[in-house]
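Chemist: Chains H, Z, C and E, in that order, give the protein sequences.
Numbering follows the working numbering, in which position 98 of the first sequence is assigned residue number 98; successive positions increment by one, without gaps.
Numbering follows the working numbering, in which position 221 of the second sequence is assigned residue number 1221; successive positions increment by one, without gaps.
Numbering follows the working numbering, in which position 42 of the third sequence is assigned residue number 2042; successive positions increment by one, without gaps.
Numbering follows the working numbering, in which position 151 of the fourth sequence is assigned residue number 3151; successive positions increment by one, without gaps.
Quick caveat, the hints were computed from the structure, so don't treat them as lab data.
Note that the Cβ used here is the ideal one computed from N, Cα and C, for glycine as well.
There could be a bad hint or two in this list.
[To be verified] With the C-beta cut set under 10 Å, the calculated list includes, among others, these residues of chain Z facing chain C: (1) Ile1041; (2) Glu1165; (3) Gln1216.
[Stated by the list, open to error] Listing some non-contacts, in silico: residues in chain C with all C-beta distances to chain E over 10 Å: (4) Gly2017; (5) Leu2058; (6) Gly2064; (7) Pro2098; (8) Ser2141; (9) Glu2209.
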Amino acid sequence: MSASPRPLGADLARIAVFAALIVVLGMVVVPLPGGVPITAQTLGVMLAGLVLGARRGALAVLLVLALAAIGLPVLAGGRGGLGVFVGPSAGYLLGWVAGAVVIGLIAHRGRFTWWRAGLGAVVGGILVVYLFGIPVQALVTGVPLAPTALSSLAFLPGDLLKAAAATVLAVALHRAYPRAFESRAAVVVHAA
Amino acid sequence: MRPEAATGVGVACEGVGVEADGRPILSNVTVRLTARRTAVIGGNGSGKSTFARLLNGLRMPTSGRLRVLGLDPARETKALRRRVGFVFTNPEAQILMPTPAEDLALSLQGVPRAERAERIEAVLTEYGLAGRGEVPASGLSGGQRQLLALASVLVTEPELVVADEPTTLLDLRNARRVGDLLLGLESRLVLVTHDLGLAARCDDAVLFEDGRVRAQGDPAEVIDEYRASCA
Amino acid sequence: MRPEAATGVGVACEGVGVEADGRPILSNVTVRLTARRTAVIGGNGSGKSTFARLLNGLRMPTSGRLRVLGLDPARETKALRRRVGFVFTNPEAQILMPTPAEDLALSLQGVPRAERAERIEAVLTEYGLAGRGEVPASGLSGGQRQLLALASVLVTEPELVVADEPTTLLDLRNARRVGDLLLGLESRLVLVTHDLGLAARCDDAVLFEDGRVRAQGDPAEVIDEYRASCA
Amino acid sequence: MISLYRPGTGLLHRLPAGAKLAGLVVCALALSLWRPEPAGMLAVVLAVSAMYPVAGLPVVALGQTWWRLRWIVLVLGGALWLFTGADTALVNTGRVVALLLLADLVTRTTRMGDLLAVLERVLRPLRRFRVDAAAVALTISLTIAMVPVIAGLAEQVRDAQRARGTRLGVRAALPLLVLTMKHADDVGDALVARGMVR
Ligand SMILES: Nc1ncnc2c1ncn2[C@@H]1O[C@H](COP(=O)(O)OP(=O)(O)OP(=O)(O)O)[C@@H](O)[C@H]1O
Ligand SMILES: Nc1ncnc2c1ncn2[C@@H]1O[C@H](COP(=O)(O)OP(=O)(O)OP(=O)(O)O)[C@@H](O)[C@H]1O
Ligand SMILES: O=C(O)CCCC[C@@H]1SC[C@@H]2NC(=O)N[C@@H]21
Ligand SMILES: [Mg+2]
Ligand SMILES: [Mg+2]
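Build out the structure end to end from the sequences listed, making use of the hints.
Modeler: This is the structure:
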């Protein structure tokens, strides 16, 4: 979203539509009592990085956070509002943005292959997200870091499955609709 | 066991109603479809799609009694889905696999592996898609995509085919091809359509209006009634 | 300055070609559109949409010379887009804002704030959407959505309206309403359509086939030629 | 999508959005630096709760929020008790609850448009880094408009699968992804055609 030149339509639309997809994925949710739910939105975050790349993927995630901030129930289980940014899951939300960047950087480096996608999903979509999420959760709740990290292991099986799913899906999308991965210039042919 | 199917009643609706958000979408629908090919017509929002979706359990009646091929959709959903094929307007949503061959394979899961590849080749050829089995499905033209969607449904040999405006996005030639294909089926057909020319070629027609059946009978007469109601 | 516009040539194409992925989509298209309302017809994949998209610079020719309202789309894209309105098939993609009023406001950005609300009310009423300005656009019926999409384009008072199959998803009544609206416009109209009844009501018609212009002239004759080519 | 904002005319409703946000940030900082006795924290939680009726919000709203926080109170409180003892458990749980209640207060009393305006104002200085605040606002509205459309696409895909009697698991998301990306391209075209972007 740069000032001048103005953003290209295709770019902007993909960011917005992908953000909408992440919101829709929020309808799949397993609430956990600790205040940090298991949510299919992390699958959406991984896909955003894999399909849109670092910059646009991160912007799509930021957009979801902006919607939450202005009071829309866009997060898992219809939550939203400013509360999520001061609650136990705030760090994970930040981690989503950083994660999308890392995923994009890894997966879009060179030819798109399943192992790059998988590596990106695990490193960016799990490692980086936890790196932000766990310390902030410990900070907010006042529970020491070690037990917080330990309790977060509950997410790991699900997140590994989601990383696998994101990889399979991104590779399949690459076959089914290769245009989705193309840069904007190829999508809208513009005058100089 | 299935007296209705035996006596040739494909669909029997008695006082069927459907509600959504407390608002009635279908009210007191009572029809018996006995003809081989039935056209369903009516304006936007009149309830045609809702009616079509009742027929394979995508939607359940909130009141009344419904039997499709003698089965109760609410209790025998699985058996019903096996015997009823559904074709949607938008082929994009119903092509579930990246390539045509894989999409057909999904429908042919019951067929032994060795046979499957051959069957797929044969079907692709039959539907004018020879040699396109391995290309991305998104690279097919609109008409080809709808033909593939159709093929993936018909290859399972359903006893009843329900099609919800399958020719809307097609040109003259493709619309005719898909229309001919559907009307030429041996199985029963319920065809929701805005194409009155196609509706006229069915054996029976039902006209919906505001969630009610306004008329049923000879397609030519029902179509005239529809036209009159729009004027 | 704009001799062509002055002499009534809306669109002038000379040997225009468009390629994608090294494959020609349009080849050597040479047409002059001088009539007020031109229908563009042809089979799926024949290049109609590609041609339509040339007219407001959504797509650029890879060869040949193109002038729209006397402007060169490649160099005067911005001016062109202001003077050409584009209506797509699927209203869901072109309604960009959550509610009808906001969507109209987006088109009316140039109008002073005080006037805007009034204009929006007037337009909503004109298009049969009175009182629905603040409901989510997703809650409108298919016909209402297409009317809103149309309103959002026409409210900018374009000199040329390009519509790519705007009635495909509509029922008889809504299709007629949208068709009447478009054909009744004072501005120029290029109407891509599979609805040959609608095409027949235009002043001129162009038939595409395999990326080439196969015929241009009196709609009745061009339509006959299209029908013959499909048989 | 319905905003969590609840219309009203109370004191908090009339306060400018920027002031409320700034207040929230200050409170968050203060609460995280302050190490009070359990009694002090209890007083803070009660005071924040009391702001609900003061702001003109119905008592039901307060009840709802507390009810949503019940697990956090129980589980977090329990865990803290285990790891750090009763006093710290009370103070830390109280801090989290107070903050969540405060944030919820701001969300419930501030119109979406006002928060958007604040966001735009915050972004304006970023113009130098080529961030266009107006484009951000447009994109936010666009996303809100697209949520029901994408939800509709998801429903279409789910129906198609059910109709074909197949269970694809996560692979079900593939047609949804394809549809979504195609839809994005159509929206991009519309944005360009309607002159919103280059
Ligand atoms: N899930 C739902 N919730 C609420 N309303 C619904 C739902 N599904 C359909 N409707 C409403 O029910 C009515 C009938 O819809 P239906 O899709 O059956 O019409 P249709 O005859 O198929 O129209 P079209 O020709 O536009 O396809 C419409 O007013 C629609 O808005
Ligand atoms: N960006 C693109 N890349 C590659 N091929 C393309 C592209 N856009 C269109 N085509 C191809 O160009 C041809 C013409 O497409 P176009 O959409 O103009 O046809 P149409 O006449 O509008 O068809 P329909 O009636 O189905 O809308 C088709 O074969 C299409 O697959
Ligand atoms: O909705 C929120 O407030 C944010 C939820 C954060 C969930 C985190 S992200 C990593 C981990 N995996 C999950 O499925 N949930 C957590
Ligand atoms: Mg319908
Ligand atoms: Mg087209």
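Chemist: Does each hint hold? Answer for all of them.
Modeler: The hints, checked one at a time:
no.	hint	in the structure
1	Ile1041	holds, 9 Å
2	Glu1165	holds, 9 Å
3	Gln1216	violated, 19 Å
4	Gly2017	holds, 21 Å
5	Leu2058	violated, 6 Å
6	Gly2064	holds, 22 Å
7	Pro2098	violated, 5 Å
8	Ser2141	holds, 13 Å
9	Glu2209	holds, 24 Å
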